[in-house]
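Number of protein chains: 2
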Amino acid sequence: MTFALHATDGAARRGTLTLAHGVVETPAFMPVGTAATVKALTPDDLRTFDARIILANTYHLWLRPGRETIAELGGLHAFMGWDRNILTDSGGFQVFSLESRRVLSDEGVRFRSHLDGSEHEFTPENVVGFQEALGVDVAMALDVCVKLPATQAEIDESIRRTTLWTKRCSAARSRAETALFGIVQGGLDERSRARSAEELASLDLPGYAIGGLSVGESREDMHRMSRFTASLLPPEKPRYLMGVGTVRDLIAGIDGGVDMFDCVYPTRCGRNGRALTRSGDLNIRAAAFARDPRPLDAHCNCAVCTTYTRAYLSHLFRADEMLGPRLLSLHNLAMLAQLMSEARHAIETNAWQAFRASVEADLNGSS
Amino acid sequence: MTFALHATDGAARRGTLTLAHGVVETPAFMPVGTAATVKALTPDDLRTFDARIILANTYHLWLRPGRETIAELGGLHAFMGWDRNILTDSGGFQVFSLESRRVLSDEGVRFRSHLDGSEHEFTPENVVGFQEALGVDVAMALDVCVKLPATQAEIDESIRRTTLWTKRCSAARSRAETALFGIVQGGLDERSRARSAEELASLDLPGYAIGGLSVGESREDMHRMSRFTASLLPPEKPRYLMGVGTVRDLIAGIDGGVDMFDCVYPTRCGRNGRALTRSGDLNIRAAAFARDPRPLDAHCNCAVCTTYTRAYLSHLFRADEMLGPRLLSLHNLAMLAQLMSEARHAIETNAWQAFRASVEADLNGSS
Numbered sequence: 000m001t002f003a004l005h006a007t008d009g010a011a012r013r014g015t016l017t018l019a020h021g022v023v024e025t026p027a028f029m030p031v032g033t034a035a036t037v038k039a040l041t042p043d044d045l046r047t048f049d050a051r052i053i054l055a056n057t058y059h060l061w062l063r064p065g066r067e068t069i070a071e072l073g074g075l076h077a078f079m080g081w082d083r084n085i086l087t088d089s090g091g092f093q094v095f096s097l098e099s100r101r102v103l104s105d106e107g108v109r110f111r112s113h114l115d116g117s118e119h120e121f122t123p124e125n126v127v128g129f130q131e132a133l134g135v136d137v138a139m140a141l142d143v144c145v146k147l148p149a150t151q152a153e154i155d156e157s158i159r160r161t162t163l164w165t166k167r168c169s170a171a172r173s174r175a176e177t178a179l180f181g182i183v184q185g186g187l188d189e190r191s192r193a194r195s196a197e198e199l200a201s202l203d204l205p206g207y208a209i210g211g212l213s214v215g216e217s218r219e220d221m222h223r224m225s226r227f228t229a230s231l232l233p234p235e236k237p238r239y240l241m242g243v244g245t246v247r248d249l250i251a252g253i254d255g256g257v258d259m260f261d262c263v264y265p266t267r268c269g270r271n272g273r274a275l276t277r278s279g280d281l282n283i284r285a286a287a288f289a290r291d292p293r294p295l296d297a298h299c300n301c302a303v304c305t306t307y308t309r310a311y312l313s314h315l316f317r318a319d320e321m322l323g324p325r326l327l328s329l330h331n332l333a334m335l336a337q338l339m340s341e342a343r344h345a346i347e348t349n350a351w352q353a354f355r356a357s358v359e360a361d362l363n364g365s366s
Numbered sequence: 000m001t002f003a004l005h006a007t008d009g010a011a012r013r014g015t016l017t018l019a020h021g022v023v024e025t026p027a028f029m030p031v032g033t034a035a036t037v038k039a040l041t042p043d044d045l046r047t048f049d050a051r052i053i054l055a056n057t058y059h060l061w062l063r064p065g066r067e068t069i070a071e072l073g074g075l076h077a078f079m080g081w082d083r084n085i086l087t088d089s090g091g092f093q094v095f096s097l098e099s100r101r102v103l104s105d106e107g108v109r110f111r112s113h114l115d116g117s118e119h120e121f122t123p124e125n126v127v128g129f130q131e132a133l134g135v136d137v138a139m140a141l142d143v144c145v146k147l148p149a150t151q152a153e154i155d156e157s158i159r160r161t162t163l164w165t166k167r168c169s170a171a172r173s174r175a176e177t178a179l180f181g182i183v184q185g186g187l188d189e190r191s192r193a194r195s196a197e198e199l200a201s202l203d204l205p206g207y208a209i210g211g212l213s214v215g216e217s218r219e220d221m222h223r224m225s226r227f228t229a230s231l232l233p234p235e236k237p238r239y240l241m242g243v244g245t246v247r248d249l250i251a252g253i254d255g256g257v258d259m260f261d262c263v264y265p266t267r268c269g270r271n272g273r274a275l276t277r278s279g280d281l282n283i284r285a286a287a288f289a290r291d292p293r294p295l296d297a298h299c300n301c302a303v304c305t306t307y308t309r310a311y312l313s314h315l316f317r318a319d320e321m322l323g324p325r326l327l328s329l330h331n332l333a334m335l336a337q338l339m340s341e342a343r344h345a346i347e348t349n350a351w352q353a354f355r356a357s358v359e360a361d362l363n364g365s366s
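Protein sequence lines correspond, in order, to chains A and B. Once you know that position 151 of the first sequence is 150 in numbering that gives the first Met the number 0, the rest is easy, because the numbers rise by one and skip nothing. Once you know that position 266 of the second sequence is 265 in numbering that gives the first Met the number 0, the rest is easy, because the numbers rise by one and skip nothing.
In case anyone wonders, no lab produced these hints; they're calculated from the structure. From a predicted model like this one, the values you see are computed outputs, not experimental measurements. All C-beta atoms in this analysis are idealised placements derived from N, C-alpha and C, irrespective of residue type, glycine included. Please note: incorrect hints may appear among the correct ones.
Per the computed footprint, the stretches of chain B lying under chain A, defined by three or more beta-carbons under 8 Å from a beta-carbon of chain A, are [claimed, not checked]:
{"no.": "1", "stretch": "0–9"}
{"no.": "2", "stretch": "131–140"}
{"no.": "3", "stretch": "261–267"}
{"no.": "4", "stretch": "288–301"}
{"no.": "5", "stretch": "332–344"}
Selected chain A positions facing chain B (in silico; Cβ < 10 Å) [as the list claims (entries may be wrong)]:
{"no.": "6", "residue": "L72"}
{"no.": "7", "residue": "G74"}
{"no.": "8", "residue": "A77"}
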């Protein structure tokens, strides 16, 4: 894995991440394919907007279809028919949202499946082993994510275990093509964030994520902590803000020096009839769109906006047709990909501040 | 509209139907797009297996989004982004399955919407007007479909009204680009079928459908009546067997001299995890497929079979992922399109009987 930084504009960064399955231009938004599928979409769909990397979830794939099946079918890329990059999360975040079903120790975390109640254990070692067996391009270290608000003792403990586990993850690595990223914790406390970042940076991993945000705190807190944490991370390595995916939050993230993002927001919205546009989200089921001959977003050149009207998409949702969720998911991801592409161009040309102001003005004009 | 017959082999026919939106090679299977969408699929998907004509439903589109909306958006082709041919049924079949919600007279049929209970009326004139307003390439005449088993009096009455209404449909025509097909009724009674066919043939319509079959009678009865009815129809005009779509029934239909078919079977099966193959249907959720690295059907060169394994498709259905129904729907339609293509080639080369026997042997080998 290599990461090259081509330009900066303020804290915003324009880079290229080269992974085992090709190049990722940053800033980049990574579509989420939890269960080895970006919901409703094929790899060909993802290529229509030139997605270079997608995310899949260790927790879900561990439970179903499981490591053996995916390995037997040739690894996750072959299994799902996607020949570009894949990043898997460590499962830490999902397991920690199972609260009543998990037992935490320094060794790892034991939990019960939400599917059938079966018992499982994640350790730093087996989580790395799983991700390597899948053959992914970026693996995330097992971390301890705290619920916000958190006490200082909870934050301290989460940082201690996250550092301990990240060391063990790093020691467990056995596959050169899988790059291991560490995850900075620290809640909303700057000194804790600084300590976590420093401890993980000393491990000299190829990349770092900002974890424990977008978990219920205010948007202002999230923007502030994301910017602060990014500023503490080694500038020569990629920075990934986990769980962020609205237009407003992506712009703030880039402005704070983040290179990579992921979120279920665009695809979940797509399934629910919510279209992302540069002038704000719109509910396609609204009566106003029933005869609207315009595309979802005049800004957008995606396969959906160049083919279908709001009226048709509105009809699909009112008739409960599967094509509706499919097309809105595609549009929402494609429009974020275009936003990222324009952001990269703006940073390259020292026009980031004007671009950011214009995107924010468009959003505010509609809200 | 023109129809040219290129070859016959026994009763089986190889033809070309030229409609306002291009050429349809026959025998042809028409995918069903009830609510202005072939469920889960885009027009681009349909083009991957070279679909030339699809079906949409007057009853559903009448209720939602309605004639005004579709007309305002430029007609049904523009509304749904499909630039090849569209055939709409007359709504008769759907209305007659509303039993308790409809009142029938010589004038037409009044009914209540299954969506909101609102009152509507179909007459021969307004059903033709609706289909012409949508700009479809083939419109079906309003018919009276009887439930089987039926008394002779019910059959006689259905034939009388169907002929009366078909005459009025023909008189109501005002658009040259929309070809009107009549629908032969007559239940399982040969003399009644002959009377209906004769009455409708005297109207000299551009094409004829065999209606009132595939409504619960035995497979043998359906094959027998379809073949018998086809033999009564003018040989120079296309013959369309409504509601038929299994491999076995399509082969029998072609063998009896039918040129066109439609059915929800392939897409409904696709949504339910049932894959059509040349050796029979398979339930993709079955445990046997969980690690099966083979494509759905070794015979098939569709976009699904050349990309995905049974194991992956099985996973998608077990994980309740929307991509599963989408991909199985695509495969099921594509494999029927290939079957039709091979059937056309067999008829052209006087190899129909051998082809039919081989398809039937493959099906029987697995059951």
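Status of the hints after comparison with the structure:
| no. | hint | result |
| --- | --- | --- |
| 1 | 0–9 | violated (count 0) |
| 2 | 131–140 | violated (count 0) |
| 3 | 261–267 | violated (count 0) |
| 4 | 288–301 | holds (count 3) |
| 5 | 332–344 | violated (count 0) |
| 6 | L72 | 5 Å, holds |
| 7 | G74 | 12 Å, violated |
| 8 | A77 | 9 Å, holds |
Comparing the model with each earlier hint shows violations of hints 1, 2, 3, 5, 7; every other hint is respected.
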